[in-house]
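Participant: Use the sequences and the hints to build the structure in full.
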Amino acid sequence: MNKKTFLPKKADLIIIVILLIVASVFFFMRNESGEKTVEIIVDGNTEHSEIITQSTKSHTLTLTNGVMITIDSDGASFTQSDCKNKDCIKVGKIKNAGECAACLPNKTVIVIKSNGKRLTDAMTY
Amino acid sequence: MKKSHKSLKSAVALICIIAVTLSFVGCSPEFTEKTSFAMGSVLSVKILSDDKETCENMYSEILKAVNETDSALSATKDGAEIKMLNENGSISASDLLVDILQDSVMLCNILNRKVDITLGKVTELWGFTGDNMKVPDENELAKALESVNVEQILIDPDNNTVTVDNNAHLDLGAFGKGAACDTVFDALKNSHESFIMTLGGTVFAYSKGTKDGKWSIGIRNPFENENSYFAIASLSPYSQKNAVFVSTSGSYEKTFTENGKTYHHILDPKTGYPTETNLVSVTVVAESGINADALSTFCFINGFNEDTLSTLNSFYAQAVFVFSDKSYYVTDGLKDSVKITDKSFTLHEYE
Numbered sequence: 001m002n003k004k005t006f007l008p009k010k011a012d013l014i015i016i017v018i019l020l021i022v023a024s025v026f027f028f029m030r031n032e033s034g035e036k037t038v039e040i041i042v043d044g045n046t047e048h049s050e051i052i053t054q055s056t057k058s059h060t061l062t063l064t065n066g067v068m069i070t071i072d073s074d075g076a077s078f079t080q081s082d083c084k085n086k087d088c089i090k091v092g093k094i095k096n097a098g099e100c101a102a103c104l105p106n107k108t109v110i111v112i113k114s115n116g117k118r119l120t121d122a123m124t125y
Numbered sequence: 001m002k003k004s005h006k007s008l009k010s011a012v013a014l015i016c017i018i019a020v021t022l023s024f025v026g027c028s029p030e031f032t033e034k035t036s037f038a039m040g041s042v043l044s045v046k047i048l049s050d051d052k053e054t055c056e057n058m059y060s061e062i063l064k065a066v067n068e069t070d071s072a073l074s075a076t077k078d079g080a081e082i083k084m085l086n087e088n089g090s091i092s093a094s095d096l097l098v099d100i101l102q103d104s105v106m107l108c109n110i111l112n113r114k115v116d117i118t119l120g121k122v123t124e125l126w127g128f129t130g131d132n133m134k135v136p137d138e139n140e141l142a143k144a145l146e147s148v149n150v151e152q153i154l155i156d157p158d159n160n161t162v163t164v165d166n167n168a169h170l171d172l173g174a175f176g177k178g179a180a181c182d183t184v185f186d187a188l189k190n191s192h193e194s195f196i197m198t199l200g201g202t203v204f205a206y207s208k209g210t211k212d213g214k215w216s217i218g219i220r221n222p223f224e225n226e227n228s229y230f231a232i233a234s235l236s237p238y239s240q241k242n243a244v245f246v247s248t249s250g251s252y253e254k255t256f257t258e259n260g261k262t263y264h265h266i267l268d269p270k271t272g273y274p275t276e277t278n279l280v281s282v283t284v285v286a287e288s289g290i291n292a293d294a295l296s297t298f299c300f301i302n303g304f305n306e307d308t309l310s311t312l313n314s315f316y317a318q319a320v321f322v323f324s325d326k327s328y329y330v331t332d333g334l335k336d337s338v339k340i341t342d343k344s345f346t347l348h349e350y351e
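Protein chains in written order, with the numbering used here: chain A, 1 to 125; chain Z, 1 to 351.
Since the hints were derived computationally from the structure, they do not count as laboratory data. Computed from a prediction, not measured in an experiment: that's the story for all the values here. Incorrect hints may have been included.
Just so you have them, the derived chain Z footprint on chain A, three or more residues with Cβ under 8 angstroms [to be verified]:
(1) 40 to 51
(2) 86 to 98
With a straight-line cut-off of 25 angstroms between C-alpha atoms, the simulated PhoX-like cross-links for lysine-lysine are [as the list claims (entries may be wrong)]:
(3) A:K107 <-> A:K86
(4) A:K113 <-> A:K86
(5) Z:K143 <-> Z:K83
(6) Z:K214 <-> A:K113
(7) A:K86 <-> A:K117
(8) A:K86 <-> Z:K134
(9) A:K86 <-> Z:K254
(10) Z:K34 <-> A:K93
(11) A:K84 <-> Z:K77
(12) Z:K34 <-> Z:K214
(13) Z:K254 <-> A:K107
(14) A:K107 <-> Z:K34
(15) Z:K343 <-> A:K117
(16) A:K117 <-> A:K95
(17) Z:K261 <-> A:K84
(18) Z:K241 <-> Z:K189
(19) A:K107 <-> A:K95
(20) Z:K83 <-> Z:K261
(21) A:K93 <-> A:K57
(22) Z:K189 <-> Z:K64
(23) Z:K208 <-> A:K113
(24) A:K90 <-> Z:K261
(25) Z:K83 <-> A:K107
(26) Z:K270 <-> Z:K134
(27) A:K113 <-> Z:K34
(28) Z:K189 <-> Z:K52
(29) Z:K34 <-> A:K95
(30) Z:K254 <-> A:K93
(31) A:K107 <-> Z:K64
Beta carbons: idealized from backbone N, C-alpha and C, even for Gly.
Facilitator: Now the structure itself:
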């Protein structure tokens with residue numbers, strides 16, 4: 001018996017390639033956009049949320065509790081607080097997705113969020 | 001020829017299925033994150049679900065469980081049971097407090113009282129429960145130390161009463177956040193969504209349903225700021241609970257400097273002074289929150305030795321030790337799971 005080999009038609013190949021490209025675009029768009037958002041939370045409520053980009057200019061926000069936070073294209077930091085030990089200011093600027101800085105006496109926390117891929121799910125300290 | 005065409009169609013159908021599956025993988029649920037404050041610390045929760053209502057309900061359950069634990073264990077919050085116990089010497093206690101105290105007393109005894117929850121008066125003298133940290137007067141410290149003995153706690157589980165003799169004060173700082181994670185576990189152990197929560201550095205990860213694979217936990221670099229990690233642990237949940245708990249005790253937390261000397265908050269119950277050790281942090285992975293918390297404190301106080309390692313073994317727990325010379329040691333059960341990301345750390349020499 002003769003074995004015959006059959007090649008897919010050109011149209012089949014085109015459909016296969018298109019399907020794979022579409023699926024890959026969905027996959028990567030979902031996981032790798034990497035946009036960074038600075039979120040400021042006071043006592044559990046989001047008081048400010050801002051997407052930061054290369055063109056974000058440095059600006060300082062004064063929160064309702066008097067705490068001051070500076071945001072720029074790179075990240076965010078506490079710049080003024082009436083807390084005793086100023087631990088929040090000592091943390092410096094947070095830049096990467098998942099990082100946070102907190103002022104416990106003022107119940108204020110800055111978080112950097114991103115829908116890009118992260119190296120860690122959480123941190124123990 | 002007909003057969004070949006069928007094969008080709010099957011091949012195209014198969015590829016379509018793969019392509020659609022790939023798309024769905026891309027559309028698998030993302031983490032929904034929420035950050036708040038509880039037990040005087042940052043509470044960060046990530047739930048693996050896109051469903052807003054599910055996430056809101058789960059978050060409410062988590063917050064409720066943590067706040068309930070705080071209302072039982074806080075030594076400073078008005079109306080909290082431990083605060084009332086310290087003030088009055090005896091209270092009618094909630095089921096939650098009775099359960100946590102029974103576990104805590106048992107742990108203190110198993111750990112040879114290297115960790116002792118009756119250290120309250122000593123902690124108060126150092127000011128670690130509030131803002132006013134200072135080196136206490138030697139005589140006052142010696143007197144406070146006389147009240148430290150976990151045997152003085154009398155728990156009556158039938159009548160839900162707790163009495164503390166010798167005017168001792170309880171301080172569950174070394175157990176509280178882990179205990180809160182256990183309360184959350186009890187509330188959400190039948191959840192269909194995976195989630196991970198961090199409460200002041202204690203991590204609890206729960207895997208169910210859509211979450212497969214391992215959780216990646218960054219271990220803080222004790223020599224840098226609080227967002228830096230020097231290693232990543234890839235952790236699978238303990239299979240019988242679908243959960244894993246991680247806690248770190250480090251000498252960089254709650255410190256103050258007086259007359260040129262820096263003091264940390266991990267007090268040795270035998271001396272009443274901050275533990276002197278060549279360790280700077282110990283991270284423990286365990287099957288319950290209270291075990292992770294208690295063991296990380298115990299390891300720090302007891303030091304890096306055979307006794308500490310065998311105690312960890314008896315709890316089916318693993319640990320990462322970091323020393324003041326920037327070396328590290330990872331226990332056998334974690335060796336394949338921990339990746340050192342900061343290459344300036346070196347392996348601790350241990351014979």
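Participant: Look at each hint and say if it fits the structure.
Facilitator: Here is what the structure says about each hint:
1. Coverage of a stretch by a chain is defined here by at least three residues with a beta carbon nearer than 8 angstroms to that chain's beta carbons; for the segment 40 to 51 of chain A and chain Z the count is 3, and the condition holds.
2. Under the rule that three or more residues need a Cβ within less than 8 angstroms of chain Z, the assignment of the segment 86 to 98 of chain A holds, with 5 such residues.
3. For the given pair, A:K107 sits about 13 angstroms from A:K86 by alpha-carbon distance, which is consistent with the 25 angstroms threshold.
4. The suggested pairing of A:K113 with A:K86 holds, with an alpha-carbon distance near 24 angstroms, which does not exceed 25 angstroms.
5. Between Z:K143 and Z:K83 the CA atoms are separated by roughly 21 angstroms; this keeps the pair inside 25 angstroms, and the hint holds.
6. Proposed proximity of Z:K214 and A:K113 is supported: the alpha carbons are some 21 angstroms apart, at most 25 angstroms.
7. Of the supplied pair hints, the one linking A:K86 and A:K117 is violated, its CA atoms being roughly 32 angstroms apart against a limit of 25 angstroms.
8. A distance of roughly 17 angstroms separates the Cα atoms of A:K86 and Z:K134; the hinted pair therefore holds under the 25 angstroms criterion.
9. Simply put, A:K86 and Z:K254 have alpha-carbon atoms about 13 angstroms apart, close enough for the 25 angstroms limit, and the pair holds.
10. A threshold of 25 angstroms between alpha carbons decides the hint, and for Z:K34 with A:K93 the separation of about 21 angstroms falls inside it, so the pair holds.
11. Taking the CA atoms of A:K84 and Z:K77, the gap is near 20 angstroms; set against the 25 angstroms cutoff, the hint holds.
12. Among the hinted pairs, Z:K34 with Z:K214 is consistent with the structure: their alpha-carbon atoms are about 21 angstroms apart, no more than 25 angstroms.
13. For the proposed pair Z:K254 and A:K107, the alpha carbon gap of about 17 angstroms is at most 25 angstroms, so the pair holds.
14. Taking the CA atoms of A:K107 and Z:K34, the gap is about 14 angstroms. The hint holds against a cut of 25 angstroms.
15. Between Z:K343 and A:K117 the CA atoms are separated by roughly 23 angstroms; this keeps the pair inside 25 angstroms, and the hint holds.
16. Between A:K117 and A:K95, the direct Cα distance comes to roughly 15 angstroms. Compliance with the 25 angstroms bound is thereby established for this hinted pair.
17. Note on Z:K261 and A:K84: the hinted pairing holds, with a Cα-Cα distance of about 20 angstroms set against a maximum of 25 angstroms.
18. For the hint pairing Z:K241 with Z:K189, the CA-to-CA distance comes to about 8 angstroms; that is within 25 angstroms, so the pair holds.
19. About 21 angstroms separates the Cα atoms of A:K107 and A:K95, which keeps this hinted pair within 25 angstroms; it holds.
20. A hinted pair counts as satisfied when its Cα atoms are at most 25 angstroms apart, and Z:K83 with Z:K261 does not qualify at roughly 31 angstroms.
21. For the hint pairing A:K93 with A:K57, the CA-to-CA distance comes to about 15 angstroms; that is within 25 angstroms, so the pair holds.
22. At roughly 15 angstroms between alpha-carbon atoms, Z:K189 and Z:K64 fall within 25 angstroms of each other, so this suggested pair holds.
23. This hinted pair checks out: Z:K208 and A:K113 have alpha carbons roughly 24 angstroms apart, not beyond 25 angstroms.
24. Taking the CA atoms of A:K90 and Z:K261, the gap is near 20 angstroms; set against the 25 angstroms cutoff, the hint holds.
25. For the hint pairing Z:K83 with A:K107, the CA-to-CA distance comes to about 22 angstroms; that is within 25 angstroms, so the pair holds.
26. Simply put, Z:K270 and Z:K134 have alpha-carbon atoms about 19 angstroms apart, close enough for the 25 angstroms limit, and the pair holds.
27. A C-alpha spacing of about 11 angstroms is found between A:K113 and Z:K34, which places the hinted pair at or below 25 angstroms, so the restraint holds.
28. Restraint check for Z:K189 and Z:K52: the C-alpha separation of about 20 angstroms stays at or below 25 angstroms, so the hint holds.
29. The straight-line distance between the Cα atoms of Z:K34 and A:K95 is roughly 19 angstroms, inside the 25 angstroms bound, and the hint therefore holds.
30. For the proposed pair Z:K254 and A:K93, the alpha carbon gap of about 21 angstroms is at most 25 angstroms, so the pair holds.
31. Distance hint between A:K107 and Z:K64 is fulfilled; the C-alpha atoms sit about 18 angstroms from each other, no more than 25 angstroms.
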